[in-house]
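Protein chains in written order, with this note's numbering: chain A, 1 to 114; chain B, 115 to 227.
Check each hint, because a few of them may be wrong.
Said to hold, decoys possible - In the DSS-like style, the derived pairs of lysine-lysine whose C-alpha atoms are separated by at most 30 Å in a straight line are:
hint, chain 1, residue 1, chain 2, residue 2
1, B, 197, A, 69
2, A, 106, B, 171
3, A, 49, B, 156
4, A, 69, B, 156
5, A, 58, B, 156
6, B, 156, A, 68
7, A, 69, A, 49
8, A, 49, A, 106
9, A, 68, B, 197
10, B, 192, A, 69
No lab work stands behind these hints: they were computed from the structure.
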Amino acid sequence: AQSVTQLGSHVSVSEGALVLLRCNYSSSVPPYLFWYVQYPNQGLQLLLKYTTGATLVKGINGFEAEFKKSETSFHLTKPSAHMSDAAEYFCAVGNSNSGYALNFGKGTSLLVTP
Amino acid sequence: EPEVTQTPSHQVTQMGQEVILRCVPISNHLYFYWYRQILGQKVEFLVSFYNNEISEKSEIFDDQFSVERPDGSNFTLKIRSTKLEDSAMYFCASSGQGTGELFFGEGSRLTVL
Numbered sequence: 001a002q003s004v005t006q007l008g009s010h011v012s013v014s015e016g017a018l019v020l021l022r023c024n025y026s027s028s029v030p031p032y033l034f035w036y037v038q039y040p041n042q043g044l045q046l047l048l049k050y051t052t053g054a055t056l057v058k059g060i061n062g063f064e065a066e067f068k069k070s071e072t073s074f075h076l077t078k079p080s081a082h083m084s085d086a087a088e089y090f091c092a093v094g095n096s097n098s099g100y101a102l103n104f105g106k107g108t109s110l111l112v113t114p
Numbered sequence: 115e116p117e118v119t120q121t122p123s124h125q126v127t128q129m130g131q132e133v134i135l136r137c138v139p140i141s142n143h144l145y146f147y148w149y150r151q152i153l154g155q156k157v158e159f160l161v162s163f164y165n166n167e168i169s170e171k172s173e174i175f176d177d178q179f180s181v182e183r184p185d186g187s188n189f190t191l192k193i194r195s196t197k198l199e200d201s202a203m204y205f206c207a208s209s210g211q212g213t214g215e216l217f218f219g220e221g222s223r224l225t226v227l
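If we strip away everything but chain A, and leave its shape as in the complex, we get (with noise of 0.2 Å):
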């Protein structure tokens, strides 16, 4: 069995400032971690992702996460907010023994303000 919990369903930060959307995952198999993005009335974008080998993932437009298992956690952090970033965030599992299906968690959405 493979689920995530994402820690708050809203987050608000400045222009500028420090994202960090939390994201905790439980798996009984080594886990392979995604965070897609969902702007309005649109898709999902992957943003990252963890498969195997270094742990701390690059993404697009300045996203980075960091697969910790000690903590079983795959926070998303950018160090500085556009206005453009505003968008619904998903933490998702997966493994190779379940046909990739992944399991996402509920979303935090994400609030940007001048």
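Starting from the structure of chain A, add chain B where the hints point.
Okay, now just chain B, sitting in the frame of chain A:
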């Protein structure tokens, strides 16, 4: 850039009617998925499909749901007798061999009245 395409973008139907949602996955992908997102809720896994058969399905994917890859390019989700609670955005996704990365379409919004 290759993309997953879904049709229709929006469908309104009466309760009890059959609905077919269509998807064209990325051409060299081997794994196909349907997810749904009820308004304001999280994205939920419905079913995965590989090698012309269902590889995994969730509890949501009951006998009212079926999937098919009729012609080697399309991947369809059929809901036999729609219920009000089937109203949601349905996302198709596809994945290449062993990558674990899913590429999503823009979704089909289903409204059941």
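Against the structure, the hints come out as follows:
1. The suggested pairing of residue 197(B) with residue 69(A) is violated, with an alpha-carbon distance near 42 Å, which exceeds 30 Å.
2. Straight-line distance between C-alpha atoms of residue 106(A) and residue 171(B) comes to about 19 Å, which keeps the hinted pair within the 30 Å bound.
3. Among the hinted pairs, residue 49(A) with residue 156(B) is consistent with the structure: their alpha-carbon atoms are about 19 Å apart, no more than 30 Å.
4. Annotation: proposed proximity of residue 69(A) to residue 156(B) holds, straight-line Cα distance about 24 Å (limit 30 Å).
5. Our distance criterion of 30 Å between C-alpha atoms is met by residue 58(A) and residue 156(B), whose separation comes to about 24 Å.
6. The straight-line distance between the Cα atoms of residue 156(B) and residue 68(A) is roughly 24 Å, inside the 30 Å bound, and the hint therefore holds.
7. Among the hinted pairs, residue 69(A) with residue 49(A) is consistent with the structure: their alpha-carbon atoms are about 15 Å apart, no more than 30 Å.
8. For a cut-off of 30 Å, the pair hint linking residue 49(A) to residue 106(A) stands: about 18 Å separates their Cα positions.
9. For the proposed pair residue 68(A) and residue 197(B), the alpha carbon gap of about 42 Å is over 30 Å, so the pair is violated.
10. A distance of roughly 39 Å separates the Cα atoms of residue 192(B) and residue 69(A); the hinted pair therefore is violated under the 30 Å criterion.
Violated hints for the displayed structure, listed by number in ascending order: 1, 9, 10.
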